[in-house]
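Each chain, written out:
There are 2 protein chains.
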Amino acid sequence: MDVAAREPQAKCGLEWRVTVPEGASVTVEHDAGVAARAWAWLVSCVVAIRVAVAGFARKVWKIGADDPRRAVHGLKVGLALTLVSVVYYTRPVYDGVGGNAMWAVMTVVVVFEYTVGGCMYKGFNRAVATVSAGLIALGVNWVADKSGDKLEPFILSGSLFLLAAAATFSRFIPTVKARFDYGVTIFILTFSLVAVSGYRVDQLLDLAQQRMSTIGIGIVICLAVCVLIWPVWAGQELHLLTVRNMEKLAGAVEACVEDYFAAGSAKPAAAASSKSEGYKCVLNSKASEDSQANLARWEPPHGRFAFRHPYAQYAKVGAAMRHCAYCVESLSSCARAEAQAPEHAKRLLGDVCTRLGARCARVLVEASASVAAMTDPKTVDFAVADMNTAVHELQGDLRALPPVLLALEPAAEMSLMDAMPLFTVASLLIEISARIEGVVDAVETLASLANFKQVEDGDDKKGQTTETKVHPLNVQDDDASAQENQTMKHAEQEHCNTTVK
Amino acid sequence: MDVAAREPQAKCGLEWRVTVPEGASVTVEHDAGVAARAWAWLVSCVVAIRVAVAGFARKVWKIGADDPRRAVHGLKVGLALTLVSVVYYTRPVYDGVGGNAMWAVMTVVVVFEYTVGGCMYKGFNRAVATVSAGLIALGVNWVADKSGDKLEPFILSGSLFLLAAAATFSRFIPTVKARFDYGVTIFILTFSLVAVSGYRVDQLLDLAQQRMSTIGIGIVICLAVCVLIWPVWAGQELHLLTVRNMEKLAGAVEACVEDYFAAGSAKPAAAASSKSEGYKCVLNSKASEDSQANLARWEPPHGRFAFRHPYAQYAKVGAAMRHCAYCVESLSSCARAEAQAPEHAKRLLGDVCTRLGARCARVLVEASASVAAMTDPKTVDFAVADMNTAVHELQGDLRALPPVLLALEPAAEMSLMDAMPLFTVASLLIEISARIEGVVDAVETLASLANFKQVEDGDDKKGQTTETKVHPLNVQDDDASAQENQTMKHAEQEHCNTTVK
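The listed protein sequences correspond, in order, to chains G and A. In terms of this note's numbering, the first sequence opens at residue 1 and continues consecutively. In terms of this note's numbering, the second sequence opens at residue 1 and continues consecutively.
Excised from the complex, chain G in its bound form (with noise of 0.2 Å):
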């Protein structure tokens, strides 16, 4: 991209305009000397960073373009925090900053997440270890009180010693990890801050009632905002990000095969390129799986989502999907490799093939649409059963081809082990519809656990359609992704997930 850099004074009667490529310098040969070239290089110093500047805006814009939802987290936090100081701004008796306004507003500004799971999760250890530790404190203070001036410091600091260390060994325990690993720091922070207070018990009562009814109105005004305006639900999340990577890797089950037998012919296309990369999401969204599967525990019913609808099997189902996109990997990998079957043996097997690959999607897209809709995946088992019988024709057709082969050609042997990539890519193929099934038996066991309803026939599909439309944005994010897809450090990244936080 050129970019046209009009010098700014240009009333003095010297005009430049220089056209340069994007990150490069103006080098301007002239016999004015030291000054004209210090001028140039202070011309090409301002291109090159309104250049950076217009990159750097175009990213943070496409960031928030791709899934606008961001943009109003970042006002719902700004909207949480002017009210909060409203609040104690507007009230008669404002003790300033160092008094207990101040708790409201750390409240909203370490409680507030982007998703309400979060913000859930952080009020709810907030409040929780915030009293025990204060009850905690206080009962030490009492102890410490009563056992005379000499021996109170060291009450204290050994209490204090004994239970910071403790609380924070108790942060590698997976459970505590997971889901009270917040409210370890606050029972932390909120037990040295009391305990090393040197306020009298009597006192720190008074102290800690206005500290909880401040921290009170924080927590309330976060969820207050986080839930009433535009809430995104962690477990929704989890919901359409298994839909998404169900239909990803259907995509890239069918285009690597076809991608496979249309090798020969021609190049395949870039955009079908693209769309047999989308495994590559699958084997990244582990980490978001499992924190929101984390999160969505703590949100309340809403939608279809019932109260301890079973997240976690999401994240067995993303198991399963990661298990089957292994196999999806050396396949895709077969597909790009330079020592190809001959062309006269692809043909022979590049129907039944073709077939069994689309089948095998058909059942992942099936399921996909049977898990967004929330219905009973039944007729996921006939797709399942035609996917079967696919997998016999291949078997079939593998059995019949040495002698075909033999057939073909004299040099019968020779042929027999060029036509080895091919077995390879049907066991693959084979191994693919075997890892599909049990990711089939993950949606079923999803589908016993949340109750998914029962449909008449012809109700399924319309659900699906509905489905679709209810989350546009997700599905716009999802090919703006799929797009850049192109390379294994892409996907390393973990950029599928962009909605994820």
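Please note: incorrect hints may appear among the correct ones.
Because identical chains share one entry, a pair is satisfied inside a single copy or across any pair of copies.
[Unchecked claim] Here are the computed lysine-lysine pairs in the DSBU-like style, where the Cα-Cα straight-line distance is at most 35 Å:
(1) Lys316 with Lys62
(2) Lys453 with Lys146
(3) Lys378 with Lys316
(4) Lys453 with Lys59
Since the hints were made in silico from the structure, they are not lab data.
With chain G held as given, fit chain A onto it using these hints.
Structure of chain A alone, referenced to chain G:
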């Protein structure tokens, strides 16, 4: 396991000794009726609770015993907190928890992290964010002060809203998220506290100066305790994780091939099988590699890790290893498949495949030794050459296989088709060896970026041995996790990375 529960009130004359299996409730058939049954229920409850507590205690003990540095971390946090509280407790002018002492305590609680890198990251972010937000807030307060009483609240609230929204949104930018996430939180927090404080600018300057010094004291105490007492370096953890994963991958490649060719003769031993699962740790360590590489960049030079050590390249080595592990996963599923090639066909390729597997493993072991000892991976090239020779041998044997099989049996076509799983294993092995070359390339890039030292022949082995002895903890840890690592589900729960917080 049986537990002998002795009823505590034995002195009442009633002595019970109930032996129950873990978690089971005791059912006592008795004529005495409700009271006796209630009593039995109570006893069974006590027993169940005791068993649960004992089980939990054993788990917690294991977490600490697996890596004593975790327990030490707890003690370090306790020590840092006690130190900071003592500093403020013994100061002549002690102003209580409402004053500035709390900022030092708060800093220690939130800044102290398991790794030095984490501590530096949080300390740096906290310091810079506090200073910058404080300065901006002072400026805004000054402007608001000058613009009259009516405009003041609007300027303050408006700037709070805009800055909080912009800062929150900036967390979605990947670079900001990775390096300054905590800083953004502190920026918003400090700005809100100062902006809505209602103090005049000259009061604020005093307050700011005091607060900076307390936060500074907190950060200094944190870093001192973190670095001086048994420090845990994120860079070293990343380094060891990479070495360990490479060794596990080597073991898995070799064990999978052996399992496959041993599967017919006898079921593979449990020990071999657990070794062949090592690739799962590689598959699941992306998240910890990324986070450690992120934290390691904040660490000062230490030991063999110089300033600007190329930690990002470790993540690339990890990506190459994962790329390889996907294929090993497919290979391992071949060994576990029901449809196996006939024994006589397996025997024909058994030797050459096992040799290739062993040489693949050797390449990885040499590469990991070179990374571990931080020496130039010169000897790896020989191992790669050996591996490639084995690949050529395998390809030659494969080419010779059809005539041999044709000669062995009359129904040659059938025999060839039955041998298909064998072809799949062979081509997967060839693909694995190609991907191992990718790992070696990544290791060589790492070696050149990190200026790994050149070694004379013979020195190399010595360096290796020393290295292994330096970190007995991690080796133990490793073995322990390999033992448990039985199922896919376990590996999915990422317990392989037990040393990773």
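### Task
Check each numbered hint against the structure and report the violated ones by number, ascending.
Numbers 2 and 4 - these are the hints that the structure violates, sorted from lowest upward.
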